[in-house]
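Heads up: the protein sequence lines correspond to chains A and B, in order. In terms of our numbering, the numbers along the first sequence are unbroken and rise by one, the last being 337. In terms of our numbering, the numbers along the second sequence are unbroken and rise by one, the last being 637.
Watch out, some of these pointers could steer you wrong.
[To be verified] Straight-line alpha carbon distances no greater than 35 Å define the calculated DSBU-like cross-link-like pairs of lysine-lysine that follow:
1. A/Lys-227 to B/Lys-396
2. B/Lys-396 to A/Lys-243
3. A/Lys-7 to A/Lys-227
4. B/Lys-475 to A/Lys-243
5. A/Lys-227 to B/Lys-462
6. B/Lys-519 to A/Lys-319
Derived by calculation from the structure, the hints in this document are not laboratory data.
Chain residues, written in single-letter form:
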Amino acid sequence: MSNKEEKWFRFGKGLSQKRVRGLTIASFILPLLIWSAISYLPVWKPEVQIVEAGDTIYFEEGDRVDRETFQLENENLTTEGDLPMLGKRVNPVYFPAPHEVAGALYSAFVTEPRREGDPWFHESVAHSVRVVFWGFIISSIIGVPLGIMCGVFSFFSKLIEPFVEFFRYFPAPVFGALAVAILGINDAPKVAIIFIGTFFQQVLVIANTTRTVDFSLVEAAQTLGAKPGCLLFRVVIPAVLPKLYMDMRILLGWAWTYLIVAEVVGTSTGISWFINQQAKYRMFDNVYAAILVLGFIGLGTDMILGAIGRELFAWEEGKRSFFSRMFNKNKPVAVEA
Amino acid sequence: MMDIPNKLNLPSYKEQSAEVKERLDFIKRQPVVLEIDNLVKEFPTEEGVRRILDQVSFKVHRREFLSIIGPSGCGKSTLIRMLACLEDITDGLILLDTYPVGEPGADRGMVFQKYTLFPWLTVKKNVMFGLEVANKSKFDAEREALQWLDIVGLEPYADLFPAQLSGGMQQRVAIARALANKPKVLLMDEPFGALDAQTRAKMQAYLLQIREKIDITIIFITHDLDEAVYLSDRVLVLEANPGRVQEIVEVPVERPRSPEQFLSPEFLTTKIHLEELIHPSAEESKDDFKVVKMVATEEV
Ligand SMILES: Nc1ncnc2c1ncn2[C@@H]1O[C@H](COP(=O)(O)OP(=O)(O)O)[C@@H](O)[C@H]1O
Ligand SMILES: [Mg+2]
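Could you build the full structure based on these sequences and the hints that come with them?
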C-alpha cells in the first residue's frame with residue numbers, strides 16, 4: 001500500500017480489489033437508486049389514482065386516470081355542484097416501485113395459479129431452465145466435437161464451415177412454425193429453437209478458438225513421439241479447454257436469449273407464459289419479478305461456472321487448484337534457480 | 338576487424354592442440370548418427386518457388402556437439418525443422434542411424450526458442466509426457482522423470498506449473514523433457530535466444546554439464562558466435578540465399594570448457610574467422626560504396 005492517493009481514471013490500468021468490489025456493487029445500486037427516485041419522489045407521476053370517487057359516474061375508487069382527465073372531470077363535477085373526486089399522484093401501473101417488485105419476487109412463488117391446472121411460478125421457472133438446458137446440451141454434444149474437428153483439420157473446416165456460416169444468418173425464430181409441424185406442440189420444438197439458435201454459432205466459435213491453440217505445443221508433442229490421436233486428446237483439447245469453457249459460458253447466455261422466442265412456439269410455457277399471463281391481468285409487479293428471476297438465473301449460473309473455471313484452469317496463472325492443494329500440502333515456492 | 342589478428346598475433350583457427358586433435362579424431366571415428374545428403378528446401382511464394390536450402394550435406398557423429406550459425410533468414414530453423422520432420426523435404430535425404438526419416442518422432446528430441454512446456458501439466462508431468470506416450474508404466478515414467486529433473490537441477494520444482502517458473506527454468510525442463518525420451522540426437526533451435534545474458538551464460542554452463550553426464554549428440558542453432566564456439570566441437574556456417582554450407586569449422590578450444598576461455602587466442606581466432614564468414618564486412622562495404630558512387634554519378 002502506498003500513501004499516494006490512487007487515481008480513479010488511469011488509461012488501460014486496473015484498479016485495486018477494494019475499488020473493483022465497490023464499483024461492482026455500485027453498478028447494481030445506481031439503477032436501483034434511479035428506480036427508487038422515480039418511484040418514491042415526485043419526479044414523474046403522470047397519473048392519478050382515485051382514492052375517493054365522489055359523485056362521478058365514470059370512475060371508481062382505485063382507478064388510474066390521466067392527470068388531465070382527472071382535472072377535467074373534477075371541473076365538471078364542481079361546476080355542476082357535485083362532490084369532486086380525491087386522488088393521489090402515481091406512476092403508471094407498468095412502472096411498479098421497488099418494494100412492490102421485491103414483494104412480488106416472494107409472492108409470485110407462493111401465489112396459487114389463477115386457474116386450476118396452471119403451473120405454479122416455480123414450475124414455470126423450472127420448465128424454462130429445462131428447455132434451455134436440453135437445447136444447449138444437445139447442441140454442445142454435437143457442436144463442440146464438430147467445432148474442434150473443424151479447428152484441427154482443414155478437411156472438416158472447408159467441408160462444414162461454409163454452410164454453417166450461411167445457415168447461421170437464418171434467425172432461429174423463423175423455424176418456429178416448421179419445428180411445431182415436425183416435432184409437435186410439446187417441448188421438442190422449443191428445444192429445437194434453442195438448438196438452432198446455439199448450434200451454428202457454436203461450431204464456428206469453437207472452430208475459431210481451436211485454431212488459436214499455439215501450434216508449437218503440437219510440434220513439441222510431435223517431437224516427443226505423440227501420434228495424431230494423442231495430439232488431439234492430450235495436447236489440442238487440454239490447450240483449448242480454458243478458452244472453450246469461456247466460449248461455452250457466452251454461448252449459454254445466447255441460448256438464454258432464445259428462450260423467450262422458444263417458449264411462445266406452439267403452446268406458450270415457462271416464464272414467458274407466466275409473464276404474458278401476468279401482463280394480461282395487469283400484474284406488472286409479477287412481470288418484473290419474473291424478468292428479474294431470469295436475470296438472477298443467468299447471472300448466477302455464469303458466476304458459478306466462472307468460479308468452477310478458475311478452479312479447473314488454475315494452471316493458467318500458475319496456481320494450484322483447491323483440490324490439488326488439498327491433496328499435496330507444503331509445496332516449494334518458485335525462486336530463481 | 339580484418340587487421341585485429343595481426344595486431345594480436347593470433348594463431349590460425351586451424352591450429353589444434355593435442356587434446357583437441359585427439360578428441361575431434363575420436364569423434365570422427367564414432368558412428369554417424371545423422372547424415373544429411375543434398376538436402377533441398379523450396380517454399381512456394383507469390384513470385385514462384387523460392388529455394389531456401391540448396392544441396393546441404395553434412396554428417397553428425399555420435400556425442401558430437403555441432404552448432405549451426407548463419408545470417409538471420411538463411412534457413413537455419415527450416416533446416417533443423419526438416420531434421421525433426423516438422424517441415425517437408427523438397428529433395429535430398431536425411432538418414433538417422435542409416436535409415437531415412439519420415440515423420441516426427443521421439444528419436445529426434447527438440448528444444449524450441451519459444452517456451453513449449455504444456456501449461457496444464459506440472460513440471461514432472463511435462464517430463465513424463467513422452468514416457469507415457471511411449472507406453473511406459475506410470476511408476477517408471479514418474480521415476481525417470483524425477484531422475485531427469487535431477488540432472489537439470491529442477492527436482493524440487495517437480496510439482497509446480499510452468500507459469501510459476503522463470504524462462505531459463507522452463508527451458509531446462511524442456512531439455513529434460515526431450516532427453517527423457519533418450520533421443521538419438523537433440524535438436525536445439527536458439528533455445529536460449531529469449532533469455533537475458535546472465536541466464537543465458539548459466540544455461541550454457543548447464544548444457545555443458547549435462548553433456549558431460551550423458552551420452553548425447555546435439556545440433557544447436559544460435560546466432561551468438563560466442564555461444565557457438567563455447568559449446569561446440571564443430572560449427573557449421575550456413576550461407577544465405579540460397580542456404581548452402583559455407584564451411585564446417587573445427588573448434589580448436591580444449592574441453593572441459595570454462596568462461597575463462599572466452600579470451601583465449603584459439604577462442605578469439607575462431608570467433609573472428611566465423612565473424613568474417615558471416616559478415617564479409619570489408620568486401621561488402623566496398624561493394625556498397627561502388628553502388629553509392631554509381632548512383633551518385635548517374636544523378637549528376
Ligand atoms: N512456410 C514458409 N513459407 C515460405 N517461406 C518460408 C516459410 N518458412 C520460412 N520461410 C522463409 O525461409 C527463410 C528461412 O527462414 P528460417 O529457417 O526461419 O531462417 P533462420 O532460422 O535462419 O533465421 C526465410 O526467408 C523465411 O521467410
Ligand atoms: Mg530461426
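Each hint, compared with the structure:
1. Using a Cα cut-off of 35 Å, the hinted pair A/Lys-227 and B/Lys-396 holds, with the two alpha carbons roughly 28 Å apart.
2. Between B/Lys-396 and A/Lys-243, the direct Cα distance comes to roughly 45 Å. Violation of the 35 Å bound is thereby established for this hinted pair.
3. Taken as a hint, the A/Lys-7 and A/Lys-227 pair is broken in the structure, with Cα atoms around 53 Å apart against an allowance of 35 Å.
4. Of the supplied pair hints, the one linking B/Lys-475 and A/Lys-243 holds, its CA atoms being roughly 29 Å apart against a limit of 35 Å.
5. A threshold of 35 Å between alpha carbons decides the hint, and for A/Lys-227 with B/Lys-462 the separation of about 18 Å falls inside it, so the pair holds.
6. Distance restraint check for B/Lys-519 and A/Lys-319: the Cα-Cα separation of roughly 31 Å lies within the 35 Å cut-off, and the hinted pair is therefore satisfied.
Of the numbered hints listed earlier, those contradicted by the structure are 2, 3.
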